[in-house]
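Enquirer: Below are the chains, spelled out letter by letter.
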Amino acid sequence: MDLFTIADMIGISAFALAGFLVGVRKELDILGICIAAFLTALGGGIIRDTIVQRTPFAFSETYPFICIVAMIALALLLRVHKRQGFDRSRLFVVADSIGLVAFSMTGALIAIDSNLNFFGVIFLAFLTAVGGGIVRDTLVNEIPFVLNADFYGSVAIVTGILVYGVDMLGVLNHTVLLIIGVLSLMLRLVAYFRGWTLPRLVKGNENAG
Amino acid sequence: MDLFTIADMIGISAFALAGFLVGVRKELDILGICIAAFLTALGGGIIRDTIVQRTPFAFSETYPFICIVAMIALALLLRVHKRQGFDRSRLFVVADSIGLVAFSMTGALIAIDSNLNFFGVIFLAFLTAVGGGIVRDTLVNEIPFVLNADFYGSVAIVTGILVYGVDMLGVLNHTVLLIIGVLSLMLRLVAYFRGWTLPRLVKGNENAG
Amino acid sequence: MDLFTIADMIGISAFALAGFLVGVRKELDILGICIAAFLTALGGGIIRDTIVQRTPFAFSETYPFICIVAMIALALLLRVHKRQGFDRSRLFVVADSIGLVAFSMTGALIAIDSNLNFFGVIFLAFLTAVGGGIVRDTLVNEIPFVLNADFYGSVAIVTGILVYGVDMLGVLNHTVLLIIGVLSLMLRLVAYFRGWTLPRLVKGNENAG
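Protein chains in written order, with UniProt numbering: chain A, 1 to 209; chain B, 1 to 209; chain C, 1 to 209.
Short derived list, chain B residues pointing at chain C, Cβ under 10 Å:
{"no.": "1", "residue": "G23"}
{"no.": "2", "residue": "L28"}
{"no.": "3", "residue": "Q53"}
{"no.": "4", "residue": "S60"}
{"no.": "5", "residue": "E61"}
{"no.": "6", "residue": "H81"}
Just so you know, the hints here were simulated from the structure itself, not pulled from any lab data.
Backbone N, C-alpha and C define an ideal beta-carbon position, used for all residues, glycine too.
Sequences and hints are given; from them, build the entire structure.
Expert: In structure tokens:
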């Protein structure tokens, strides 16, 4: 089991937990909570694989399913949903960020493998990392966090651009990918703990008095 | 015309009517109402076929289109939208439940045919049966009924598990499928008329006081 | 560069601007605004190509990406978001309508090329033209404008029916397509400036009093 598979498993578990917590917060029933967990963890990858005409990876590999079921069981056992602010704890944020970066890199690599252009690589990096969360937020009737929350989706895009860049330079290998992963992870964590945000535009007539 | 095609037609018609009624309730114009009817009846199947890389069945067969157009015409003629509570009538609930079970079985069988794993079979059974309704509810800005309504989506999952199970046991044939269909239908109807619900989790701090 | 490519570029640019303005209005951050612009312009085509199992056109061609980036830059430079009502200006409405018609025709032609039936042709014409806008509106938590706004989606459907009709008659060629395009564009513009709407159904008990 290589480092990327481990990062992928950490990501799947963290994303499933994020979905679980959203489901609890929106007062879904237990089936709805499980759907939120599964969609958050696997939704982006299923859409990505459908676009590039592959059998979704979650439908042939077994470990994603096991990770998610184990995570839901663990969350119920530890009564994670009773602990306010668990999703802002350091443990959770780091695990979630590893998932963000690992998923972005998988998406970018699959796009390169499918001979997509620059836009395709960024799109699939972004979609793989945040697509599941977007689908989940849309279902529970919230504006997806990634559209106005914080420096999150940008990390997926930066990761995609870096992977595309090293591929263009002909130096796409395991070591370089590992370096990109560490850099992207640092970017995400620094942005999170320093509270970086993206600028907003202001609509007309805002200075009417 | 075999039993499964008849069940499929009943399902398509009932789902189209359900979409029609939601469209009327949300005060959409006549085009929006038609879109709601078509999406509810065919949306799940189109997404499923796209995932397993088939031409969507509604784009090659003619009868789904005819069923839906006929259903919309009938609904307008009988002014079904003027009758409050029609979607809770016994006739509608039974037809809708037949659709739920027929669509779940189709999804599970197509997943098995595409060599998907356990998760893939459950996913496609669920998606085929409730995907159209989820897309419709999301479009009209409601939290999909299946996420917190009642014992509905669970029937699709149980049906998927049963079909997967008999396939594993090597006894997947018409008679066994018919038995699964009857059992699932009974489960749905008993759950509906007895008002079964799934448990909910309670968030932290609920006993503050 | 033929007429259809030019119409496509005008449409991509107008749709990107429409997405940009929605993003500003919903107070998204700059990343969210870019996502809204890209999704509006390219979302419908990506979903369409995924359904008919092609590599999405935006992932192999370069000009859609360039049109959108240029449009966003131009909008920021001209501070279009400060001008109230720009999306109701004559220039914008005409450009948007050209996009509507061009996208509908592309969708219909790809459906015919993929041997889809009548319903498939209408579905892809509609999806290509309004799918991106529907996805965008759903994400920002609004009921898609096309479901209850005005005579917009109907133009896509009429265009699809016309293209299907001339194909059935065996007279599908560039001249005929150009005529269909002009007719559809006129239909849209007349409907817009005359304020045509589609009828609504009224729910039961509306005359209780």
